[in-house]
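As you go down the protein sequences, you meet chains A and B in turn. If you read the first sequence in the working numbering, its first letter stands for residue 1, the second for the next number, and so on. If you read the second sequence in the working numbering, its first letter stands for residue 1, the second for the next number, and so on.
These aren't lab readings, by the way, just hints derived from the structure by calculation. Since the model is a prediction, treat every value here as computed from it, not as a measurement. Hints are not guaranteed to be accurate.
Derived DSSO-like pairs: lysine-lysine, alpha-carbon spacing no greater than 30 Å straight-line [unchecked claim]: (1) A:K3 - B:K200; (2) B:K85 - B:K131; (3) A:K52 - A:K65; (4) B:K308 - A:K16; (5) A:K197 - A:K51; (6) A:K52 - A:K16; (7) B:K312 - A:K16; (8) A:K66 - A:K120; (9) A:K120 - A:K51; (10) B:K20 - A:K3; (11) A:K120 - A:K3; (12) A:K204 - A:K51; (13) A:K239 - B:K200.
The primary structure of each chain is shown beneath.
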Amino acid sequence: MRKFHFTPFEMPPSAKALRAEVRAFLAAEMPTATAAEKSRSWSGGDAAFSKKLGARGWLGMTLPKKYGGHARSYAERYVVIEEMLVAGAPVGLHWVADRQSGPLILRYGTEEQRQTLLPKIAAGEAFFCIGMSEPGSGSDLASVRTRARKVEGGWRVNGQKIWTSTAQHAHYMITLVRTGEAETRHAGLSQLLVDMKSDGLTVKPIANITGESHFNEVFFDDVFVPDSMLIGDEGGGWKQVTAELAFERSGPERYLSSIRLFLEFLRVTGENPTELEQQLLGRLTAEMWTLRQMSMSVMGKLAAGEDPTAEATVVKDLGTSFEQELPRLVQANTRADVLLESGTAFDDTLTYLLQSAPSFSLRGGTREILRGIIARELGLR
Amino acid sequence: MNELRTLLADTTARVLADAKGKSPAEIWPAITEAGLPKVLTSEESGGFGGTWEDALVVIEACGHHATTAPLPEAILAAHLAQTAKLDSPDAMVTIATHAQGALSGTNFTGTLRFVPWGRDAAHVLTAEDGKLLLLNTADAKIEPHQNPASEPRDTLHFTNAPVQTASFQTNLFADLALLRTAQIAGALAHALDLSVQYTKERQQFGRALAQFQAIQQQLAILAEETAAAGMAAAAAFRARDQGDAGFEIAAAKLRANRAARTATGIAHQVHGAMGFTAEYSLHPLTTRLWAWQSEAGNERHWAESLGKTVAKRGYRAFWPDLVARSE
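Can you make the complete structure from the sequences, with help from the hints?
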């Protein structure tokens, strides 16, 4: 049986000044942002905003300078992204590229891929999406059927991806495709970098229950992908995808998706809360404090070159359960006069988060899959 | 883990494993000989000169082993006594967070309640009006009481009893909450171990319970809650080393209580009737986990306290305050 290790992480001395810089920037950049926009958090996006972040050196922060990065620490990147999330900044377009595509390309990409793509990621000019799920492959990801057939100078890709977030805005997709035999499951998978402007590639947005189109269907009809766009090893896709997960599962976005509603609740509650309000504020505060400690602990391990995939899974399940439950708890505990007034900042935030919260424990691996992974770590299966 | 923590972990595990099923009086000599109550006291005075984070190793182990002696309380008492320059006694010292009474000169008249192992301890340390008070339990009339885990929580009546005092500002209640948080984390880790082990052994429908998804998902939650309590304790102990830890202790005890509430239910459910027997070793852990949720502040207590603080500071200060605590 495996033990999960969480140790307190101390922010470096540089964090304080950096945080102040980011706050000043956000105050200047978002004076007219509405509550509804802020509630979108990392589901909202703005290409101009992404570019400004790139210019400030706040994208690709941990990438080496020779690839356009800034050689900053994981902790410094953490400071920047948690401030963005708390402010409700429109970070959604560059989110995947900055969080996982950049680190993935740095680790497994060719020198040419690093030189051409990483500077664009750091500049906020290249957005990425992740082509994993398919109509028949959700939680059972290893059953993907989108196939890349080897041809002269590259690959021909045929098949379909679905639930691909921000595909309609992305410049590239890192897609998981079958390059080997179907029977081999994990062994026959590879990651290909696909230019979203390729011939034969079609993106069809899918409206979700909030009325927005965040995720998409992506169709591949004989799409040509040159040899130079294979990431890592042919057949090494499964291992590479798994390595991405520690980056994807433990960040502050896994517990802060509803922070705008917590702040709204605190604002409308005011300085003299009732006992009921004190109770809820206290409980949520304790939870948030603990989750932040856990999330920073995982970041500290990533920074130290350890493999905290198991701990990251724990953080994601606890964090998404918290951010998902928060809107329901706030709704249940808010005064009727505040709750029923429509079109207010509180109402706009609550309305969006009540509807988007179901996705929190689905995106990037469902709650049940995460708990199955933890059970495996415990030696139960 | 640093060298001291490894040493403390090994020593504590050895001493406390031997202590199983023994009375406090039987256990205490080995604990004293190993120097465990002096984790936090200076090396010059024969202690380990450790930090709170070092002490966490020992206090968590007390929870893990369901130790039947006030070692966490003794560690705190020795530390406070030394810091306040009281003569630190070598015999068993406990602490009292609920004191009512009055000092007159060098004598104390009053009542201490909920005193852990008051009947077994030689001394008791308490705080009142900006003073630390060190009393001899031999001078008290002792009324035995216990918590739901049958741990002694006695009432001590003193009449004109000689007392050693020192002016010292401290929050004994918060410090006790800190200790209980670590004990909860330790007991949860052990309850998780037992649950995993039991469900791997117990067969039903021709396979181990651990192979059922319904059981796996429950144990995953148990593991997560255990991890959350462990993190909360570790972060609060670090904060205690760094100075004012009022916020962290409140948050940590609240989170650990919640973890205990959820996790004890799961641990019992996966154990079935076996976990409910007096013979099996789950109940010394779970009964303590229930008792410790009431002690040094239940969820209601700490949620109210944190909620008030947060509301008073206002929504603009919330996030800056939260992150400033670790920078």
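How the hints compare with the structure:
no., hint, in the structure
1, A:K3 - B:K200, "holds, 16 Å"
2, B:K85 - B:K131, "holds, 12 Å"
3, A:K52 - A:K65, "holds, 18 Å"
4, B:K308 - A:K16, "holds, 26 Å"
5, A:K197 - A:K51, "holds, 20 Å"
6, A:K52 - A:K16, "holds, 21 Å"
7, B:K312 - A:K16, "holds, 24 Å"
8, A:K66 - A:K120, "holds, 12 Å"
9, A:K120 - A:K51, "holds, 10 Å"
10, B:K20 - A:K3, "holds, 24 Å"
11, A:K120 - A:K3, "violated, 40 Å"
12, A:K204 - A:K51, "holds, 26 Å"
13, A:K239 - B:K200, "holds, 29 Å"
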